[in-house]
Every structure is written in C-alpha cells, then in structure tokens.
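Given the coordinates of chain A, work out where chain B should sit on it, guided by the hints.
Protein chains: 2
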Amino acid sequence: MRRWNGWGDDSIQAHLAPEALDFLQQQLGQPKRPQDASLEAVCAQIERDQPSRFGGALAHPLIDIRPEARLRSSYGQSLGDWIQLRFGQVARVSDGVAFPESRAQVRELLDWAAAHNVLVIPCGGATSVVGHLLAPAGETRPVLTLNLTRLRALTDLNREAQLATFEAGVLGPDLEAQLRAHGFTLGHFPQSFEYASLGGWVVTRSSGQQSLRYGRAENWFAGGTLLTPGAELNIPPLPASAAGPDLREWVLGSEGRFGVLTDVTVRVTRLPEEERFIGIFLPSWDAGLAAVRELAQTKTPLSMMRLANAVETLTTLKLAGHAGQIAWLERYLGWRGCGEGKVLLFIGLTGSRAQVANAQAEALGIVRQFGGVSTGQMLGKKWAAKRFAGVYLRNALWEAGYMVDTMETAIPWGGTTAMVNAIENAGREALAGFGERCHAYTHLSHVYSSGSSVYSTFVFRLGATAEESHARWWALKTAICKAMVAQGGTISHQHGVGKDHAPYLGVEKGAAGLAAIDAAIQHFDPKGVLASGNLR
Amino acid sequence: MRRWNGWGDDSIQAHLAPEALDFLQQQLGQPKRPQDASLEAVCAQIERDQPSRFGGALAHPLIDIRPEARLRSSYGQSLGDWIQLRFGQVARVSDGVAFPESRAQVRELLDWAAAHNVLVIPCGGATSVVGHLLAPAGETRPVLTLNLTRLRALTDLNREAQLATFEAGVLGPDLEAQLRAHGFTLGHFPQSFEYASLGGWVVTRSSGQQSLRYGRAENWFAGGTLLTPGAELNIPPLPASAAGPDLREWVLGSEGRFGVLTDVTVRVTRLPEEERFIGIFLPSWDAGLAAVRELAQTKTPLSMMRLANAVETLTTLKLAGHAGQIAWLERYLGWRGCGEGKVLLFIGLTGSRAQVANAQAEALGIVRQFGGVSTGQMLGKKWAAKRFAGVYLRNALWEAGYMVDTMETAIPWGGTTAMVNAIENAGREALAGFGERCHAYTHLSHVYSSGSSVYSTFVFRLGATAEESHARWWALKTAICKAMVAQGGTISHQHGVGKDHAPYLGVEKGAAGLAAIDAAIQHFDPKGVLASGNLR
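Those sequence lines, one after another, are chains A and B.
For the first sequence, position 187 matches number 187 in full-length UniProt numbering, and the numbering has no gaps at all.
For the second sequence, position 420 matches number 420 in full-length UniProt numbering, and the numbering has no gaps at all.
Just so you know, these hints were derived from the structure itself, not from any lab.
Ideal Cβ placement from N, Cα and C applies to all residues, glycine included.
A few of these clues could be false.
Stated by the list, open to error - Computed cross-link-like contacts, DSS-like style, restricted to lysine-lysine with a CA-CA straight-line distance of at most 30 Å:
(1) A:K32 <-> A:K318
(2) B:K381 <-> A:K299
(3) A:K386 <-> B:K482
(4) B:K299 <-> A:K381
(5) A:K299 <-> B:K527
(6) B:K527 <-> A:K527
(7) A:K381 <-> B:K382
(8) B:K386 <-> A:K299
(9) B:K382 <-> A:K382
(10) A:K381 <-> A:K318
(11) B:K382 <-> B:K482
Stated by the list, open to error - Coverage of chain A stretches by chain B, computed from C-beta distances (three or more under 8 Å per stretch; other residues unrestricted):
(12) 248 to 261
(13) 428 to 434
To be verified - Derived list of chain B stretches under chain A, where covered just means 3 residues or more per stretch with a C-beta under 8 Å from a C-beta of chain A:
(14) 53 to 63
(15) 323 to 329
(16) 351 to 364
(17) 416 to 425
Chain A extracted, bound-state conformation (with noise of 0.2 Å):
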C-alpha cells in the first residue's frame, strides 16, 4: 500500500547505517524522534472540520468524497506537505476526487465544474515537490481533484515510426512495462519515476536522469489531446514542423492551466542493447565541472552525467556503509591524484555494444585530461541499482528527526560555482537565524553544452511542532528561491513552478512574459476552472 505521509510503498523500509546516523549527528546534533499522526485521526480532523461541499445538487456519481481519497490527492511530496501530513495538520484538501475512466468522462466534468462554479485541480501520481496539489488560499468555491491515473492505457503504438500513445495518467512503472513487452523504452527516469504520471511529466517539463539520451520531455513529447474547459486541442505528432508556433509548447509547461491533458504520444526508442554506469572520481570540484562541460560540448554521445561536489562525494561514501572498502577504495584514489575535495562523476553509457564501446573511450579519454579516475561499473552498478531507492531514506531520516529538501535550478556556464555557493549558504543562514544547522550538498544532474542543471539536498533537524518545523522549512526555501533568481537561474530546472515557486516565475518572465502567460490563460480558461493557483 501506498504511504500516505511519506514516499512510496510502506512495505519498503530504508535503514540508515549507525555511521550513517553518527555523522549526520556530528553535523546537525542530535535530534528528536517526531510522532506521526494516524491516517485515521487526519480522516476525522477532515470529516470534522472540512466536510466536502460535493453533496445535495452538487453531488456526481463519479465523484469519491471520502476523507482518505481527498487527502491521498490533495498532497504531493513536498517537504511542507510532508510537515502537514506528519504532524496531522492538514490546511486544504479537496472537496471530493474523481478518477474518471475515459477522456469523455473527463469532459463531462471539466463541464460539470464549468457549470456549478467548482475548481479542477488535475491530478496526476501525486509526485509534485511544489505544491500543486492543494487548494489555493483564499478559493471559496468547491474545489475538485480530477486524479487521471486510472487513464493508463497504451492505446497505439507505431513501431515503425516509433510512436506510442497512452492515456496521461499512467504511471512510469506500469508505461515502461507496457512498451518493454514491445521491446520498446520511453528512457525517462525521474527520482519520482515509481509514482510520476505522463501526463504530469509533460505538464511540468521533466527531466529524467538519461535525458542526455532520452530527451527531456520536450524531446520525447511528440503530440496528445488536451481538453480545455472550451475546446480540443489535438496536437499531431510530427517529426518536426515549421508551420508556426508549435502548440506543443503551449502543453509543456501549463501545468494544467490551461487545459487537462488526456492522450500522450511519445517518441520511443527500442531497447537498448547494453547500457553501462561508470563512476570516476576527479581531483577537486573545478576540474570535475571542466570535464562535465567539455563533455557536453563535444557531444560526446553519452547517456548521463551526474557530477557530485565534494561534500555529497563525502556524503554518498559516508551513507553507504561498508566503511572498510571505501577506506581501501579512498586510499587508492589518493594514489591517482583524488585525495580530499575529490568528486564523483557518473556517467552512462547506453546504445549498441558498438556504441557504447565507441562512447567510453571517448569519454574516458576526455575526463583523464583532467585527472579523472575511473573505478570501472563497481560503483555505477550500485547506483543503479538503487536509483529509485534512494528517495525512501527521506522516509528514514524523518523517523530519525531530520527534514529533507531539494532544490533545483539551472544557469549557463560561469555561474555554476556561484550559484552552488549561494544556494547552499542560503539554506545555512535561513537555518542559523533558528540556532539550527543545516547539511547542504550538491550535484549537477544535468550537463548541457551552455550550462548545467544545479540541484541541491539539504538536511536539517525537524522542529518540536508542525510551526517549528515549517518555519525551518520555510525560511530555507524562500531564501534558496530567492538566491537562485537572483543568481540568474531559473525557478525550475524539472519540478515546475507549482504554487510554492509562482512568486520568482517573473525574474525569469519578465512582465512582458508574465502578460503572454496570462493572456493564454485567459483565452483557454475564460471562467477559471482550472484557477488552481499553480503557476499564475
């Protein structure tokens, strides 16, 4: 069963390592255990204080108005939603949820809501980091969730042009094991890939872990039927086009303001003949961003590159446990060169066996021109292997009294450096102003030939009470945002802007920007149905 107040699965439990505890101990203190709230208490807070408005002449057959599928979808991941959901302090939730089963149903309501004055927040894998989720403050009226995800369907595959459609709402699991039984791979592994949904990947222009390959959801993205409360927007899903603005743009990033997107096509490829993960560890964190960047601007074909600075090099060691082999493993990179302030880079390699082949050598005669260690696959099957896993450990550290963050941008070259600094000292200070402190460490997990992707973890001790601990949460974030666009980044480089980012959209905008935005939304959504708050 899916966790209600955490990631994932509940039969699946992350332990930390006692060093694991001890070092992050040395780091922030000790800390307290919190005690989490039952689902049943939260149901009866809801049931009690929020009894949904979905009933008499605003009732629907298609409409669930029980507490726990209003709760289930009103909340994504983040950090504050965690903090709601933990401590059973829930604000908002949602009047009722449908989970229609036809893109005729999702019309239906999308007309229903037009008609009885109701707000629709669509509502994919519930993954958001950003606060799409909930009612927006201050909405007075009705406020439905259109969960899609019972929309899952593969329902055309073109193999010699590559092309798969799916209802939006399937989740990344259950796509991938459709198209594999083609012998067919969409490539887009999100952390989130297990809960994510299509439709919400396009909506929030994801980006997957081997978008080097794969392509960000603007790549993959090929066409689909977007339902806007007065029209069908059907976009065909051509190989390439001049004629005009190209409207798939006008999906990619609406998150679901502008219309509810109900049929995907996606660019797939067939799966690859081999695929290979190599970690290699650089002297210091300026010749790891060199050797990221002449890789991406030599278009060296590779699948992936993740470049860790040297405390979430530190860090990733520290949490693995096995301290003994790492000792032996430090001891040898010492050897070549990579003593303190090394970094781990990560590439992927995924193709042919003649392309693959091809690619290593290529990159790894670029990395060695800037000291480069490679360590083989040891390292990047283990990554691997645990690249969905590691999201779980936030369930583990809340249990052990610490908070999780992540925050992510992207800025050209030159930057990059300073923006790390300035995110990370950001949360320090926020956090300093609560006596607190905070471990910050960062990774570039994406490279592209102008610039790179900067996404940052930070991890602090939880506060005695949901007020406490939002106020830590908050005061980071707002002064991360704020670094960040005034580094020059944008707000997002692949969560979206959701409600929890709206306010810095226009650094990136500019207030002509912001009027093109608005105008859309204006034209697609003259009544507001879709007014959740999310982005504008």
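Relative to the frame of chain A, chain B by itself:
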C-alpha cells in the same frame, strides 16, 4: 551586386551542361527562352503606378522611398515572386523601407507606425519562398518594410557557455565569419545560407543541412529580445527550464506577427576537428528508407542524412556532366547490386577525429545491412563544394525557359512513400491540366527517429506570359499543398508559412490551435501594426 530578380550575386553565373539541357528537353519538351524585364522599367512602373504614401505628414527620416529599395524589400525567392519580377509585372510593393541601425530605432519605427496607422512588415535577407514580404491583398494602410540587415553585430560571446548574441539581421556568411574568428560555428546551413538572416531563421523555424548535429532553430535559439508593439519580451539564455511555458517558443515560428526580433542568443560549438561527407548508393528506395530510419532510430551520431529518390539520383548524375566517369561509376555500382532504381544517400560526419571515425564505422556497418555501397568522400566533397551553388541553377534554368519550384513537408515513418507519390503525382497532374509535363523528384533532407522531411523539386516549362506562367505555378502549388495536408504532413518543415501556405495551417493546428494563435496575436498586437497576413 545582388540580383533583383533571381538568386544571388550577379557575378556568379551557373551553367547547364548541354547534356543536362538535352535531358530536360526529353522530359519536358522544347522550352521558349523568356525575355526579362529591366530593373529600370520595373522601377519606373512602381514610380508611376504605386507612388509612396510616405511623404508630407507621413515622412520619416529613416524611411527610404526610392522604388528600387521598395522593390528589393518586397519580394523574396518564391517562384511566384520570380514570375512577377522577371516578367516585370509587380503587384504590390511596400511604400518605403527603413534600415534601422539600433534596437532603439526599431522601437521608434514601431511606435511611429502604430501612431500613424501604418502596417509594418519585418524583413531579413529577403529569401522567403512563401510570400512573407508582399503587402497583404486588400490592405489599405501604407506599408513600411523594416529591413533589419544593418543590425548585424556580434554583441556578446560567452566562450565558456558557448553562447553568442547577435543582432538579428546578420546574414549567414557574416555570422559564421564573426564566429569563426573566435573558433566557433553555429553550423546552421540551409540552402539559402548566403542571404538568409539569423532572425529570419528563428521566426520561421529554419532547419539547416546539418541540423542532425547542430539542431534546428528551436535547438540553438537560446534567447533574445522581441519588440512587440506594446512591450519588450526578453528571454534569458537558460540551458533548460521547467518554469512554465517556454517563451522562446512564442518567438519561434511567430513570422513577425507578435513583434520584431532584434537580438538573438545562439548556442554555438567549437569548429570541428574533422568533417566528411560520404556518398552511399543503395539498391532501391525501400532499402534507402530502411537504412536512414535505422541510422536515426539507433541515434548514430551523424551530422547529416540526405536521401535522394531514384529520379533525383538519376537527375543528379545526368546534370553533373562527366558522362564518361558516371558510366564507369554506374557499372561499378551495378556489380555491387545497385542498378536501375538505385538511390543516393549522403551522410555527414562532424566532430573530433575519434567521433568521426567511430560514427563512420557505426554508420557504414548499418547501411551495409541494407545493401549500401559507399563511394567514400568523392561525391561527398563535390556535394559539399556546391552546397550553396545549386540554387544558382534556378537562374540558368529560368533563362533556358524552365521554372523550378520546391515543396517540403514532414511526416511520421510509414507515410513517407505515399507522401512522395502523392506530391509528385499532384504536381504532374496539375500541369497535365495545361497539357504540360513536369519533371518531379524528391529527397529526404532531414531524418528523425519518428519520421522525416520530404523535399520535392518540380521543373516545368515557362508559359509565354506572366499570367500563363503564374497559372501553371499556382495550380501546381495548390495541388501539392492539398496533397501534403491530406497525407497528414505539415504544411512546412523548414520554410515557414507566410501567405502562400496560410490557408493550410488549420489542418495541422485544428480550430482550437488556430484560435489560440489568434489570441496570442491579439494579445501582442491588438492594433494590427504587424498584421501582414503572414501565418494568419
């Protein structure tokens, strides 16, 4: 000096070999050599029939109202444009041309036009083949052409991020020369490279011959400034962003309807260590199709794929002259299994020496599976040397009595052959209605994993008069456009929509899509200052 009624510099004279003329005469019948109108006569006609309305209260110091300047900025390179110019029957030219030298002057002219009820048509290198530059039929306002080609400076180069910012009017060769001085290239080489402008490439979503490596305009356009009638849209050159709609995409394909693009930041690359073009024959069209599809779907890192069908292959060999060498080559190919019906594929290999060697081995390994026979770099070098010269042949063909038109689309795999047949037949049937023949042939200029472009050439005889020639051309073009959209193709893969293709845009975009584009036009340009009739 640039030709006013044909392609390119008038010091460059393309010649057709006698056997080429014989070949065409066999295909099409004996042509009649036309008598071109003189520039002086056409300018006198403009002076007499279309006096400029910019004078008196409507005078502006930046506006040139001399007939030749007005003429040169009102026509592009479509066959319809040529017919008007060569026969000296010009329809509507603009009332004046301004050559702004700064962003401030563009703003001043836009504001002046808005205040004085003047229509503005932006213009770059005047290479449009879809009628962008003509004043719209029925327009009663005075028309100002904004020729941006004096805005040509490289204003910023971030070597580390490989981002170059240019003023938008810079032409291809000037842009490449400015970059090459710093060791970089944009790598965007459409056939119109010699005269096309950077801004034009962006607003029409241009695609160059080596887009497989360097990307389409969508891929290398990183950001810039669009002056709309009421505002200024500034787009920062982020490497990637998941923050809502991507405003770059509101500039790409806007064809001057949302604003005037004044500054463009592009993603550039270091000049490659090595570049090769290799000519490969395959035994049949089906074998060629299967080979390029496999190369694309395996992501073999080529910089170009260009597959000619059998008639284009034959025509290329016939027009090349060198009958003796060709006969020898054909004997050799016959022994290797490529006889009648053989097709010619050019692949481009660009990058480091290692990348070129690896990609060549991978590519040749794949094409061999489909019966491909490499002829090494011999034909490839010839192709590369003449890549921008071929378009000069249009001049020589016209002077010999033949018109040439090209039409292009893109479609998912599975539809390619039906599309080629439909287009070529539509052209032949349209001309049969006039008792004329048509020599039609096709190549795939751009290949993607999910499909390809289809680029067809039509050679047919001039009529005795402008009207007769126009009637033939328009019948051909109309029949082909209808065939393209009926087959599910886009109305433009690389040339934009302009006025000529605007009637067909709705098939691709749908009613909801057109309404959204119209809403955006209404938002950016409520007064219709830029209502040129292009796109919509």
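Hint check against the structure, violated hint numbers in rising order: 3, 5, 7, 9, 11, 13, 14, 15 and 17
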